[in-house]
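Residues per chain are reported as follows:
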Amino acid sequence: MFRYAYVRLKSHAVAEDIVQETFLAAMKAKERYQGRSSERSWLMGILRHKLIDYLRKAAREVKLEDVEPEGFEDTLMFKEVGVPHWRPPKWHFNPRKVFEQKEFWDVFSDCLTKLDKRMNLAFTMKELEGMSTEEVCQELGVEPTYLWVILYRARNGLKACLEKNWLKKNKGVKELNAAV
Amino acid sequence: MLRCKQVSQALASDDYWELPLRKRIGLRLHVFLCVVCGPFNRFIMLMQDAKRHYLKHEQEDPPPPHLCLSCDAKQRLVESLNRENDAT
Numbered sequence: 000m001f002r003y004a005y006v007r008l009k010s011h012a013v014a015e016d017i018v019q020e021t022f023l024a025a026m027k028a029k030e031r032y033q034g035r036s037s038e039r040s041w042l043m044g045i046l047r048h049k050l051i052d053y054l055r056k057a058a059r060e061v062k063l064e065d066v067e068p069e070g071f072e073d074t075l076m077f078k079e080v081g082v083p084h085w086r087p088p089k090w091h092f093n094p095r096k097v098f099e100q101k102e103f104w105d106v107f108s109d110c111l112t113k114l115d116k117r118m119n120l121a122f123t124m125k126e127l128e129g130m131s132t133e134e135v136c137q138e139l140g141v142e143p144t145y146l147w148v149i150l151y152r153a154r155n156g157l158k159a160c161l162e163k164n165w166l167k168k169n170k171g172v173k174e175l176n177a178a179v
Numbered sequence: 000m001l002r003c004k005q006v007s008q009a010l011a012s013d014d015y016w017e018l019p020l021r022k023r024i025g026l027r028l029h030v031f032l033c034v035v036c037g038p039f040n041r042f043i044m045l046m047q048d049a050k051r052h053y054l055k056h057e058q059e060d061p062p063p064p065h066l067c068l069s070c071d072a073k074q075r076l077v078e079s080l081n082r083e084n085d086a087t
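One line per chain: the protein sequences are Y and B, in this order.
Letter 160 of the first sequence, counting from 1, is numbered 159 in numbering that gives the first Met the number 0, and no numbers are missing.
Letter 36 of the second sequence, counting from 1, is numbered 35 in numbering that gives the first Met the number 0, and no numbers are missing.
Hints should not be assumed to be uniformly reliable.
Stated by the list, open to error - Below, simulated DSSO-like cross-link-like pairs (lysine-lysine); rule was C-alpha separation at most 30 Å, straight line:
{"id": "1", "chain 1": "Y", "residue 1": "K49", "chain 2": "B", "residue 2": "K73"}
{"id": "2", "chain 1": "Y", "residue 1": "K78", "chain 2": "B", "residue 2": "K22"}
{"id": "3", "chain 1": "Y", "residue 1": "K116", "chain 2": "Y", "residue 2": "K101"}
{"id": "4", "chain 1": "Y", "residue 1": "K27", "chain 2": "Y", "residue 2": "K9"}
{"id": "5", "chain 1": "Y", "residue 1": "K9", "chain 2": "Y", "residue 2": "K89"}
{"id": "6", "chain 1": "B", "residue 1": "K55", "chain 2": "Y", "residue 2": "K96"}
{"id": "7", "chain 1": "Y", "residue 1": "K167", "chain 2": "B", "residue 2": "K55"}
{"id": "8", "chain 1": "Y", "residue 1": "K9", "chain 2": "Y", "residue 2": "K78"}
{"id": "9", "chain 1": "B", "residue 1": "K55", "chain 2": "Y", "residue 2": "K29"}
{"id": "10", "chain 1": "Y", "residue 1": "K158", "chain 2": "B", "residue 2": "K22"}
{"id": "11", "chain 1": "B", "residue 1": "K22", "chain 2": "Y", "residue 2": "K113"}
{"id": "12", "chain 1": "Y", "residue 1": "K101", "chain 2": "B", "residue 2": "K55"}
{"id": "13", "chain 1": "Y", "residue 1": "K29", "chain 2": "B", "residue 2": "K73"}
{"id": "14", "chain 1": "B", "residue 1": "K73", "chain 2": "Y", "residue 2": "K27"}
{"id": "15", "chain 1": "Y", "residue 1": "K113", "chain 2": "B", "residue 2": "K50"}
{"id": "16", "chain 1": "Y", "residue 1": "K9", "chain 2": "Y", "residue 2": "K113"}
{"id": "17", "chain 1": "B", "residue 1": "K50", "chain 2": "Y", "residue 2": "K116"}
{"id": "18", "chain 1": "B", "residue 1": "K55", "chain 2": "Y", "residue 2": "K158"}
{"id": "19", "chain 1": "B", "residue 1": "K73", "chain 2": "Y", "residue 2": "K113"}
{"id": "20", "chain 1": "B", "residue 1": "K22", "chain 2": "Y", "residue 2": "K89"}
{"id": "21", "chain 1": "Y", "residue 1": "K158", "chain 2": "Y", "residue 2": "K96"}
{"id": "22", "chain 1": "Y", "residue 1": "K116", "chain 2": "B", "residue 2": "K55"}
{"id": "23", "chain 1": "Y", "residue 1": "K167", "chain 2": "Y", "residue 2": "K49"}
{"id": "24", "chain 1": "Y", "residue 1": "K116", "chain 2": "B", "residue 2": "K4"}
{"id": "25", "chain 1": "Y", "residue 1": "K158", "chain 2": "B", "residue 2": "K73"}
{"id": "26", "chain 1": "Y", "residue 1": "K78", "chain 2": "Y", "residue 2": "K96"}
{"id": "27", "chain 1": "B", "residue 1": "K73", "chain 2": "Y", "residue 2": "K89"}
{"id": "28", "chain 1": "B", "residue 1": "K73", "chain 2": "Y", "residue 2": "K9"}
{"id": "29", "chain 1": "Y", "residue 1": "K9", "chain 2": "Y", "residue 2": "K101"}
{"id": "30", "chain 1": "Y", "residue 1": "K116", "chain 2": "B", "residue 2": "K73"}
{"id": "31", "chain 1": "B", "residue 1": "K22", "chain 2": "Y", "residue 2": "K168"}
What the hints assert, rightly or not - Pair by pair, the computed Cβ-Cβ distance ranges are:
{"id": "32", "chain 1": "Y", "residue 1": "G140", "chain 2": "B", "residue 2": "L28", "range": "13 to 23 Å"}
{"id": "33", "chain 1": "Y", "residue 1": "D52", "chain 2": "B", "residue 2": "R75", "range": "17 to 27 Å"}
{"id": "34", "chain 1": "B", "residue 1": "P61", "chain 2": "Y", "residue 2": "M76", "range": "22 to 32 Å"}
Stated by the list, open to error - These stretches of chain B come out as covered by chain Y in the derived footprint (C-beta under 8 Å, 3 or more residues):
{"id": "35", "region": "50-57"}
{"id": "36", "region": "75-85"}
No wet-lab data here; the hints were simulated from the structure.
Glycine residues also receive a C-beta, built at the ideal position from the N, C-alpha and C atoms.
Work out the full structure: start from the sequences and follow the hints.
Okay, structure coming up:
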């Protein structure tokens, strides 16, 4: 539960509070638990509600206009084709091959917490929590096109972080194996 | 045949695997053949796959030590639950 909250909220203290609130709410509502789902799923359901409430509040506080635009959304390529004018740089490792390695997902969760607040909010609401484009746009007060731009940038940021940290981690493991 | 903008918009608003099968087939075909939007949309599809794998990992695998509640935090949690229990 703590990992779930921390990755989405980027703050140890807030994540801890949300987990605590979840247990308190569960304790108050324990009579309503009918055992139809596992206790874990029930608690995760409460946590998810609390987390979405918190994200909604946080979204209202983020000033999107403060952020420097990169400008690709005004290019002809973006307007006509819906993609930026540049190609995504190639990966330095085969990402699909590492999907089976648990350590890769630990790096992935660390990278999620390193995204800037605005990207993390948009990515969390849309991708991790599966909120619709309309809902996320309403919460963040942006048009769908701008949300897509934020999500493009979030994915790029995530990719850059994964490249850097996974290669670093892998290099460390290889060196350790060589030393042993 | 889908146009680049339709493909990009579909992938921007929905996860590839949440789209209807018929749309997925047309979309995949376009993305793997198109020299204009292909590289970018293949990247989007890869990142969507990564997210799906991550959510599965998050549900099934235990968290690494640095993403677990600290002993102090667990203690605080127990204390607050006890306080609440005493109050009711």
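Hint check results:
1. K49/Y <-> K73/B: holds, 19 Å
2. K78/Y <-> K22/B: OK: K78/Y and K22/B at ~22 Å, within 30 Å.
3. K116/Y <-> K101/Y: Cα-Cα ~26 Å, so holds.
4. K27/Y <-> K9/Y: Holds - the C-alpha atoms of K9/Y and K27/Y are around 27 Å apart, at most 30 Å.
5. K9/Y <-> K89/Y: The hint holds at about 28 Å.
6. K55/B <-> K96/Y: With Cα atoms ~16 Å apart, K55/B and K96/Y stay inside 30 Å; holds.
7. K167/Y <-> K55/B: holds, 24 Å
8. K9/Y <-> K78/Y: violated, 33 Å
9. K55/B <-> K29/Y: Given pair K55/B, K29/Y holds - Cα atoms ~28 Å apart, limit 30 Å.
10. K158/Y <-> K22/B: holds, 27 Å
11. K22/B <-> K113/Y: Violated. K22/B to K113/Y sits at ~34 Å, over the 30 Å cutoff.
12. K101/Y <-> K55/B: holds, 11 Å
13. K29/Y <-> K73/B: At roughly 20 Å apart (the allowed maximum being 30 Å), K73/B and K29/Y satisfy the hint.
14. K73/B <-> K27/Y: holds, 19 Å
15. K113/Y <-> K50/B: holds, 16 Å
16. K9/Y <-> K113/Y: holds, 8 Å
17. K50/B <-> K116/Y: This hinted pair holds, its Cα atoms lying about 18 Å apart.
18. K55/B <-> K158/Y: Distance of about 19 Å is within 30 Å: holds.
19. K73/B <-> K113/Y: Status holds; Cα separation ~25 Å.
20. K22/B <-> K89/Y: holds, 27 Å
21. K158/Y <-> K96/Y: At roughly 15 Å apart (the allowed maximum being 30 Å), K96/Y and K158/Y satisfy the hint.
22. K116/Y <-> K55/B: holds, 24 Å
23. K167/Y <-> K49/Y: Violated: K167/Y and K49/Y sit about 35 Å apart, past 30 Å.
24. K116/Y <-> K4/B: Holds, at about 28 Å.
25. K158/Y <-> K73/B: violated, 34 Å
26. K78/Y <-> K96/Y: violated, 34 Å
27. K73/B <-> K89/Y: violated, 43 Å
28. K73/B <-> K9/Y: With a Cα-Cα distance of about 19 Å, the restraint between K73/B and K9/Y holds, given a limit of 30 Å.
29. K9/Y <-> K101/Y: holds, 21 Å
30. K116/Y <-> K73/B: holds, 27 Å
31. K22/B <-> K168/Y: violated, 39 Å
32. G140/Y <-> L28/B: 13 to 23 Å: For L28/B against G140/Y, whose Cβ atoms are near 37 Å apart, the range 13 to 23 Å is violated.
33. D52/Y <-> R75/B: 17 to 27 Å: Once the Cβ atoms are compared, 22 Å apart, the range 17 to 27 Å for R75/B and D52/Y holds.
34. P61/B <-> M76/Y: 22 to 32 Å: For P61/B and M76/Y the Cβ distance comes to about 44 Å; the hint is violated.
35. 50-57: holds (count 6)
36. 75-85: Since three or more residues must qualify, the claim that chain Y covers the region 75-85 of chain B holds, with 6 doing so at under 8 Å.
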